[in-house]
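Protein chains in written order, with our numbering: chain D, 175 to 662; chain G, 9 to 501.
Hints are computed from structural coordinates only; laboratory data are not their basis. Mixed in with the good hints there might be a few duds.
Here are the simulated DSBU-like pairs of lysine-lysine, each with C-alpha atoms no more than 30 Å apart in a straight line [to be verified]:
id : chain 1 : residue 1 : chain 2 : residue 2
1  : G       : K211      : D       : K615
2  : G       : K306      : D       : K615
3  : G       : K111      : D       : K615
4  : G       : K211      : G       : K116
5  : G       : K80       : G       : K116
6  : G       : K172      : D       : K615
7  : G       : K111      : G       : K487
8  : G       : K172      : G       : K306
9  : G       : K306      : G       : K434
10 : D       : K336      : D       : K270
11 : G       : K409      : G       : K306
12 : G       : K211      : G       : K409
Derived CB-CB ranges, DEER-like [claimed, not checked]:
id : chain 1 : residue 1 : chain 2 : residue 2 : range
13 : G       : V38       : D       : G630      : 28 to 34 Å
14 : D       : A238      : G       : K80       : 52 to 58 Å
15 : D       : G630      : G       : E482      : 38 to 44 Å
16 : D       : P274      : G       : K80       : 37 to 43 Å
17 : G       : Q493      : D       : S236      : 56 to 62 Å
18 : G       : V73       : D       : A238      : 50 to 56 Å
19 : G       : R358      : D       : R467      : 43 to 49 Å
For each residue, glycine too, the CB sits at the ideal point set by N, CA and C.
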Amino acid sequence: MATVDWSTLTALATPVLILLGAGLLILLLAPLARKVFSVLILILSALAIVSALLASWGGWLSGAPLSLGLLLFDRMAYAFDFVLLLAALLTIFLSKDYLPEENIRDGEYYALVLFATAGGMIIAHAADLIVLFLGLEIASLSAYVLCGMKRNVVKSYEASLKYFIMGSIASGFLVYGIAMAYGAAGSTSFAKLQQLSIPPAEPVLVMLAVALILVGVGFKIAAVPFHLWSPDVYEGAPTSVTAFMATAIKTAGFAALIRIALSVGHIPQIPWTPILWTLSALTMTVGNLVAIRQHNIKRMLAYSSIAHAGYVLVGVTAALQKNVLAESTIASVLFYLFAYSLMTIGAFAVVIAIGRRGDQAEELTDYAGLSERHPFLAGAMALFLFSLTGMPPTIGFVGKFYLFSGAIEAGLYGLVVVGVLNSAVSAYYYLGPIVKMYFQKQKDYALPPLSYTLLGTIFLCVFVILYLGLFPSNVFLMARESVRQIVF
Amino acid sequence: MIAHILSWTIFSPLLGLIPLALIPRGRETVLRASAFAASLVPLVLSCVLFDRFRGTGEFEFQEIVPWLQGFKVDYRLGVDGFSAPLIVLTALLIPLVILQSWKDHSGKIRGFLVFLLVLETGLIGVFSALDLFLFYVFWEAMLVPMYFLIGGWGGERRIYAAIKFVLYTMVGSLLMLAAILYLYSAGGSFNLADLYGLNLPNKAQMFLFGAFALAFAIKVPLFPFHTWLPDAHVEAPTGGSVLLAGVLLKMGTYGFVRFAMPLFPQASAAFAPAIAALAVIGVIYGSLVAMVQPDLKKLVAYTSVAHLGFVMLGLMSLTPQGVMGASVQMINHGISTGALFLLVGMIYERRHTRAIAAFGGLATPMPFYAVLFLIVTVSSIALPATNGFVGEFLILMGSYKSNPVTAALAATGVVFGAATMLWMVKKVFFGPVTQEENKALADLSFREVAVMAPLIVLIFWIGVGPGFLTSKMEKSVTKFIERTQWQLSIGQR
Chain D
175 MATVDWSTLT ALATPVLILL GAGLLILLLA PLARKVFSVL ILILSALAIV
225 SALLASWGGW LSGAPLSLGL LLFDRMAYAF DFVLLLAALL TIFLSKDYLP
275 EENIRDGEYY ALVLFATAGG MIIAHAADLI VLFLGLEIAS LSAYVLCGMK
325 RNVVKSYEAS LKYFIMGSIA SGFLVYGIAM AYGAAGSTSF AKLQQLSIPP
375 AEPVLVMLAV ALILVGVGFK IAAVPFHLWS PDVYEGAPTS VTAFMATAIK
425 TAGFAALIRI ALSVGHIPQI PWTPILWTLS ALTMTVGNLV AIRQHNIKRM
475 LAYSSIAHAG YVLVGVTAAL QKNVLAESTI ASVLFYLFAY SLMTIGAFAV
525 VIAIGRRGDQ AEELTDYAGL SERHPFLAGA MALFLFSLTG MPPTIGFVGK
575 FYLFSGAIEA GLYGLVVVGV LNSAVSAYYY LGPIVKMYFQ KQKDYALPPL
625 SYTLLGTIFL CVFVILYLGL FPSNVFLMAR ESVRQIVF
Chain G
9 MIAHILSWTI FSPLLGLIPL ALIPRGRETV LRASAFAASL VPLVLSCVLF
59 DRFRGTGEFE FQEIVPWLQG FKVDYRLGVD GFSAPLIVLT ALLIPLVILQ
109 SWKDHSGKIR GFLVFLLVLE TGLIGVFSAL DLFLFYVFWE AMLVPMYFLI
159 GGWGGERRIY AAIKFVLYTM VGSLLMLAAI LYLYSAGGSF NLADLYGLNL
209 PNKAQMFLFG AFALAFAIKV PLFPFHTWLP DAHVEAPTGG SVLLAGVLLK
259 MGTYGFVRFA MPLFPQASAA FAPAIAALAV IGVIYGSLVA MVQPDLKKLV
309 AYTSVAHLGF VMLGLMSLTP QGVMGASVQM INHGISTGAL FLLVGMIYER
359 RHTRAIAAFG GLATPMPFYA VLFLIVTVSS IALPATNGFV GEFLILMGSY
409 KSNPVTAALA ATGVVFGAAT MLWMVKKVFF GPVTQEENKA LADLSFREVA
459 VMAPLIVLIF WIGVGPGFLT SKMEKSVTKF IERTQWQLSI GQR
């Protein structure tokens, strides 16, 4: 057992520590914080996230990958940190107006968002299955509570319970899988798993381990057929939490999947391609087909987020098909998660902006005539939806381009065809709200005045989606750089 | 400026968005005037471009800027004899459409103009892109403004038509994206010039050609992929129809010339007879279905199916005459059918109906309108001394060389088409005035004459002296034939 160098560890883990520290501080302040302190808490959490971002950026720049027993610090982990922190930052900006409107206590809320983000980051930095599990539980437990924070609303309550029960079962699968992995490798560290002999001494154990872990992670990323909880939970949760879950929690799930795949992906006895191929094709197709039938925008976005998990899985499949360390395919996965987070948070921000006290205005019909009531919101929503469809010149198109070109390189032609046809299907339901907003008669109610935080967040998403839609090179190159040196 | 003239032509319409965004509500005339002025900029630029264009058969006015690093995607533009005239046509039709819509009092004119200018950027971009990725970006980006134009300003079933238009196009174009990605992984480049030299195995060619051809065939639209077209045409506002017929359909035929055929010569040789057969079916079917249409616009839409069938027939003949005829006919169809839709739009503004039965004897109250309509009809059915004749004659000659039977069948289609159009003209214009409210219809205004004038001039100009057009196309046609044939001979060896 290597001795732990505490000073190095604290230095490297600063981003996570900042978040945890700020979260605890907020929890302490929360009882004091009513009106006066609520802005203070927002600023505090924003500051924490921004400094965590800067710290991660420093870690990314410093380069040299390092493994410290249970945690590892490579650029890919930092890249996942960026996506998670960005999602968290945008989420807390969305929450500012939304929380008082829904009577949600802000102290606990912000603390939980910070904890969940820290959990996601621990997953990204995990060098060991147990640590990965811990991270996943920190993120999940925070999310369970966040879902139920609209305490006087039954739907929210139900969502929380449903998510908790389903999530616990998923965790159970995961722990079983980890136990099997321990049985096969004599250790739970990724490094040891990676050294598993080929063919493995205990093939059945390894297979069972991988299968159970995949089921567990499949639940967390809401891949079909483990997706059934997600539409209900997404619908019932407070909208800002939904945005957070659809982006940050999902990204954390993919971080887990990629770490696991990188450690046992080299074992040829595991039929990676057929498994992931099927998972991906099912996830895209079911997500998109069911989304068509939704009348509630949050449910529609929930199914859309299932479908997008399917697109990301195309990239993961390609990475495992061609080469375990396929640089540009994993980079494209990172890029896509980033792009997807921007578009989805943007879309949920508009949902929040349209919703009003007492009446959530979540039905698609509530969007009728929005282009006349509020041209900016309508235009932004249209852009987010076009980007989710994958229309140029948006980041969504570039993201899909990177993903699918990786899959073509890997020779997964069939999966790419399934993917592109799915994009066409998705166009149908993404056009739905646009039709309502632009081509249908105005619904007669006034929009409440919107705060600058919310409008600013939406504007930021619009700008980045368009800018990176035209000039994505640097971000992609950075993502590729992140994948270049991975340690276990 | 001349070095970057293509970029300027593509993006200058977007500059027009600035005044459109700044002009306050209620100043509709100022809005229209500024949009019209903005649309004159690309027109002038494209005319300069066409004038300076030498027709060497190579891509001229090339611009290359690296774009996506790590993926060798460039911002690469250039034009040859096929694309330069199409750019001029696009830039010409936009100001005419703005002029035509001058009387639109829907109160939403600002959006209409915005989408029109954005559409122009997309269209000119499609015709200038020499990088497959860039081409795809413009190709897809063009969908959005057209979707809004149909959905926002169209007829009763406009939403259905708009969604159908987008979905049909997307199914085709997304498969094309997959093919483009495959080409990149096989050829290591998105640059068209590099890919032209690529000699792919036969089986891969078949699949790739299939994916490209499907995207383009839907756009053309080739029978049996045409069903979105009548819906889109009938529901679109006049300006939308003009651009759909005038330019958007050409994106399909242009795609065949620029991408599908020269990139996969063996596959295109193998598929040519089948596509030619579909084209002939389209010619005959389009003309016959047009015959029974009670709606003027729908009638013109179906004759479009027939005319585009003709263009495809010329391309698939793989002969110099046929290809030359097809590329001339692409321009001609834009002029003639664009003009027809404009004329139908003018009568619709007056009577708010397009039913043929609602008219009769229109020549009496509107003699000038009748004359223009007759001229355009005559050009559309390809009488000598009009532009249509030049194109159709070359196409028939070329396709006769490659297959006399298809040529003969297509020629019967011409007869059906002519009969349909003349029957329609007779019903609408000649004889006594059948309906009371038609008696007092005003003849064309000065503005409407100004809309039609450039198109009428072009109809005769190309009809009498097509040299100014064909001389710039010739070398490109030769090059195209060389590319497909040369590759063919290598494949057979």
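Quick rundown of the hints versus the structure:
1. G/K211 with D/K615: violated (52 Å)
2. G/K306 with D/K615: holds (27 Å)
3. G/K111 with D/K615: holds (23 Å)
4. G/K211 with G/K116: Violated: G/K211 and G/K116 sit about 51 Å apart, past 30 Å.
5. G/K80 with G/K116: Not satisfied, since the Cα-Cα distance of roughly 42 Å exceeds 30 Å.
6. G/K172 with D/K615: holds (21 Å)
7. G/K111 with G/K487: Status violated; Cα separation ~46 Å.
8. G/K172 with G/K306: holds (17 Å)
9. G/K306 with G/K434: holds (17 Å)
10. D/K336 with D/K270: holds (26 Å)
11. G/K409 with G/K306: violated (33 Å)
12. G/K211 with G/K409: holds (28 Å)
13. G/V38 with D/G630: 28 to 34 Å: Check passed, 32 Å falls within 28 to 34 Å.
14. D/A238 with G/K80: 52 to 58 Å: violated (30 Å)
15. D/G630 with G/E482: 38 to 44 Å: violated (57 Å)
16. D/P274 with G/K80: 37 to 43 Å: With a Cβ separation near 51 Å, D/P274 and G/K80 fall outside 37 to 43 Å, so the hint is violated.
17. G/Q493 with D/S236: 56 to 62 Å: holds (59 Å)
18. G/V73 with D/A238: 50 to 56 Å: violated (35 Å)
19. G/R358 with D/R467: 43 to 49 Å: Holds, since G/R358 and D/R467 (Cβ atoms, about 44 Å apart) stay within the stated range.
The structure does not agree with the numbered hints 1, 4, 5, 7, 11, 14, 15, 16, 18 stated previously, though it agrees with the rest.
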